[in-house]
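Colleague: One-letter residues, chain by chain:
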Amino acid sequence: MPKKVVIVGAGAGGGLTASRLRKLIPKEELEITVIDRDGTTDFQPSYTMISTGNRSPDQISTPIEHFTKIGIKPIKAEVKEIDPKNRYVITGEEKIGYDVLVLSPGVKFDYGKFPGSDKLFHFWDMYSALKLRQQLAGFNGGRILISVTTKLYKCPPVPWEMAMMLDHYFRMKGVRDKVEITVAHWAPKPFAMFGPTLSEPATRWIEERGIKTINNFTLRSIEADKNEITSETGESVKFDLGIVAPPHLPHDFISNNDDLRSENGWLSSNIDNFRTSKFDDIYGLGDAIAPTVGLGMAGVFAHFQADTVATLIAGDITGSYSAVPYNSLGLCAADLGHAGWIAYCDFGGKLRNQSPFPDCRSTGKSVLFKLAHPIYERYFLANVYGGWY
Amino acid sequence: MPTDFEKSTNDIVEELLPTIRTIKKLQESGIMAMIDAVADNFDELFNYASSIPLMDGISLLVKIAPMATVLLKSIDMDKLQKSLESIPWDRVAYGFNSITDFMAKDMEKVQIPRTKASMLRALGEIETPEMQYLLNIAIKFARRIMDDMENLKRTEK
Chain A
40 MPKKVVIVGA GAGGGLTASR LRKLIPKEEL EITVIDRDGT TDFQPSYTMI
90 STGNRSPDQI STPIEHFTKI GIKPIKAEVK EIDPKNRYVI TGEEKIGYDV
140 LVLSPGVKFD YGKFPGSDKL FHFWDMYSAL KLRQQLAGFN GGRILISVTT
190 KLYKCPPVPW EMAMMLDHYF RMKGVRDKVE ITVAHWAPKP FAMFGPTLSE
240 PATRWIEERG IKTINNFTLR SIEADKNEIT SETGESVKFD LGIVAPPHLP
290 HDFISNNDDL RSENGWLSSN IDNFRTSKFD DIYGLGDAIA PTVGLGMAGV
340 FAHFQADTVA TLIAGDITGS YSAVPYNSLG LCAADLGHAG WIAYCDFGGK
390 LRNQSPFPDC RSTGKSVLFK LAHPIYERYF LANVYGGWY
Chain B
16 MPTDFEKSTN DIVEELLPTI RTIKKLQESG IMAMIDAVAD NFDELFNYAS
66 SIPLMDGISL LVKIAPMATV LLKSIDMDKL QKSLESIPWD RVAYGFNSIT
116 DFMAKDMEKV QIPRTKASML RALGEIETPE MQYLLNIAIK FARRIMDDME
166 NLKRTEK
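Those protein sequence lines, which keep their order, are chains A and B.
Using this note's numbering, the final residue of the first sequence is 428, and nothing's skipped along the way.
Using this note's numbering, the final residue of the second sequence is 172, and nothing's skipped along the way.
If we strip away everything but chain B, and leave its shape as in the complex, we get (with noise of 0.2 Å):
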């Protein structure tokens, strides 16, 4: 005869059975032996992970979530999808790299004018081509920020 103890850890196997399957199949996979690997340096991983970056980005990801959500809600996922993946991301990279490499070497070198500026010597600024470059990136931009508020009043007409 069974006792008590026997017949209720019985019925506690009996309910557990499913979760043992699963559990079998998590040994013979090698993602047992991978949790076993954390369990048994859990005391370190703890330690270790208690650090000042890793909940910088737990704040930073508390943080940022409310904002994420109102983004998420008035963006159109699908529009956005296909307009990152036709960015030249090559190109963009390389003018991140330039403004990081410029942020590194040479901001410090730009010295705060002490004079009045000229309009002579903006103007002569003006004409060189770095300044047409950027003046072509901010005019392009603007037109095209306009032409999308244009068509986005048209459509709610």
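Looking at chain A on its own, in the form it has when it is part of the complex (with noise of 0.2 Å):
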């Protein structure tokens, strides 16, 4: 009898496990389902792209059905309940059973935890960006407010990187003059997540694009009908678009369940070997785990994750252990419109405590490097699905 491996979401974490330990292991030894809720694969820091008019959807996004060509069960659905004592993941329908579980499900966007922000715009996911991408193309002039409605959010660098874009995308559209983009964010300065190395060349260029910034923001509420959002120290700032992410909060099936949740809430995990703290066959990755880890939210952290917990499983499937080592990199290849930017940051001595900073450092801008995005893109799509993509 063939083990059962099951993997909750199709994005980097549980797609790229789904399509390494295919490889690893043969379809006799293993059957692999993965589900997700929305029933594709994203590359997901393309969504700005999409904002902006330079990706249309089937450019970045695969449907799940595609694992079928290598050997992979796909099941869109959202999953309600974990029982963990007796191995079933429960979706709307079924109820599957595993021997060995993977979650990787990101993030639930919840409007209702901040009043309003459901009445503005913002690029986190595929349906809002392209909602988001009507909005920008009739815009001729006016005031575009960038913030973040949570301290965690996707892609940390993204609020700045996109003020960067909208630079450019109004700079092309001959309106830029008429255009005032402001970034209002929690952090003291542009980027200050990733200490002083990366941090003080982008505020700089941040400046030069003539980009207004107000650090120190932490949003309070948002007022959608009068355009204006309030800080916690009673500053306002008003607006005629506003692009603010949504609260990014743990899924129900993780935060209502006291074997799977770590105290904050979030998923359980460790950077070591990704399983949960109670159960050894359970294994957490991507997002979903940032918060408990310590990590930010972005799709490279969870594309190692997943090369170390596929190889951990097919050691264990196998008897055979050489599992690779968790790579704690976090790279970013950034299209900033007039420039593509690659910054790099080793999070290994973040992790351990021994330093308030990731080791960033980064090529500096060039226009050559605007083909890192889309190469990175192409390759994530083709190697979640085997190369059909």
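I should point out that these hints are in silico values taken from the structure, not numbers from a laboratory.
Predicted model, so just to flag it, every value in this text is computed and none were measured.
Among the hints, erroneous ones may be present.
[Claimed, not checked] To give an idea of the chain B side of the interface with chain A (calculated C-beta under 8 Å), a few residues: (1) Asp26; (2) Ile27; (3) Glu59; (4) Asn62; (5) Ser65; (6) Ser66.
Where is the CB? At the ideal position from N, CA and C, for every residue including glycine.
With the hints as a guide, bring both chains together as one complex.
Modeller: And the structure:
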């Protein structure tokens, strides 16, 4: 009887774990099932480009049905509950048994936690990125505001990255002089979470492009009908187009499950073997564990975590232990419009509490680096689906 | 009768024939096996290659490349090549080793003087063979640069 691995989430963490496992263990020995709520694998860093019209959804999204071509069973469904003691995943329609469970479900957007956030625009999922695209296409002048509702959100540098992309977008449109772009963020300065080696040059570039920044701005309320947001300190900012990251929260099947959640309500895990604290047969990775292990939410972390998790599971099944050790490098290939920029950070020291910041460096800006983003985008989707992208 | 699918597949295969022949040669030469091994291990390769030293190498290349453009524009490459070939590299390497060895072992021992420099002591230092050696190199180097600049001026006239 083949063993059964069930993977929740078809994004970077779940998708790559599935495809790597398939390469490592033949079908006769291992059944792999991937359950995903949306039924697609999206290259999420390109949502910004969906909004600026530089990508179409089919270029950055692959339906999970493609998994069947490489011997993986896809199920489009929302997970309602997990029963770790009896080894079941419960969706709306099915109760799916497993020998090993991999949880990489990402986050849920809970607009109800921040009233008014549902009335504004954002680019943190495909549907919203397309809505923003329509809005930007008709926008020819006024105040654009970019902000975030929660301290943790997917891709920490993206508010400033998007501001630079929009700067380029409106310059090319010929209306940049009529558009004011402001980033109001809780950080003390742009890219502050990555330390001065990234923060200082990025702050300079943002100033050079005429982008306004309001630092130490922790959002308290959104008055959508007045087109205004207010910070914890009472500072208000008015806007004509508000782009605000919605509240990022753990899925209910995690936060409501004492066996799976950590103290902060997010998925329990660790950076050594990514097993949950109570169950050896359940692995947690990706954005859902980011607050637990002390990382930011980004696909690149999930990518390298998937390498480790897949090789660990394969080792358990075959009895051959040569797992890939976790690579704590974070890579960001940003297309800022006028140039590309590759930043890379080793989070090892920060994760071991040896340093307040990750060890970050960057290649500097160059038009040549604009190519890094599409190359990784194509590689990612092809790699998840065994070439069937 | 071939179906439309078969017909279009045949057309594609025909268009790809030169490429298929090249692939056959790659297979026969063993290059394909090497590529296959890289592809087989690409997941791990990507993981292990995503490292700070490798990225630093790329960054350095990108940052140095514009400087190289300026240098290459103004340097007589033929002359540079000849000079590089005639350099006694073994002696340069010996000097380089001495410098790195000094930096690693003895640099810490050199104390910053707490008193003002004494002329008499400075003159005494100048008379040492070590100082004579360093001065000789500096004078010969400066003389050579001045001679070359003079030659350049003459040719420009």
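Colleague: Any CB of chain A closer than 8 Å to the CB of B:Ser65?
Modeller: Because about 5 Å separates B:Ser65 from the closest Cβ in chain A, which is inside the 8 Å limit, the hint holds.
Colleague: Against chain A, with CB atoms and a cut of 8 Å, does the hint on B:Glu59 hold up?
Modeller: Status holds, d = 6 Å.
Colleague: Are B:Ile27 and chain A close enough, Cβ to Cβ, to be under 8 Å, as the hint says?
Modeller: Hint violated; B:Ile27 Cβ to chain A Cβ min 17 Å, cut 8 Å.
Colleague: Given B:Asp26 was flagged as interface, is its beta-carbon under 8 Å from a beta-carbon of chain A?
Modeller: Not OK, violated: B:Asp26 not within 8 Å of chain A, min 22 Å.
Colleague: Interface hint check: B:Ser66, Cβ to nearest Cβ on chain A, cutoff 8 Å. Holds or violated?
Modeller: 6 Å, holds
Colleague: For the hint on B:Asn62, does the least C-beta distance to chain A fall short of 8 Å?
Modeller: This interface hint holds because 5 Å falls under the 8 Å limit.
Of the numbered hints stated above, those contradicted by the structure are hints 1, 2, listed in ascending order.
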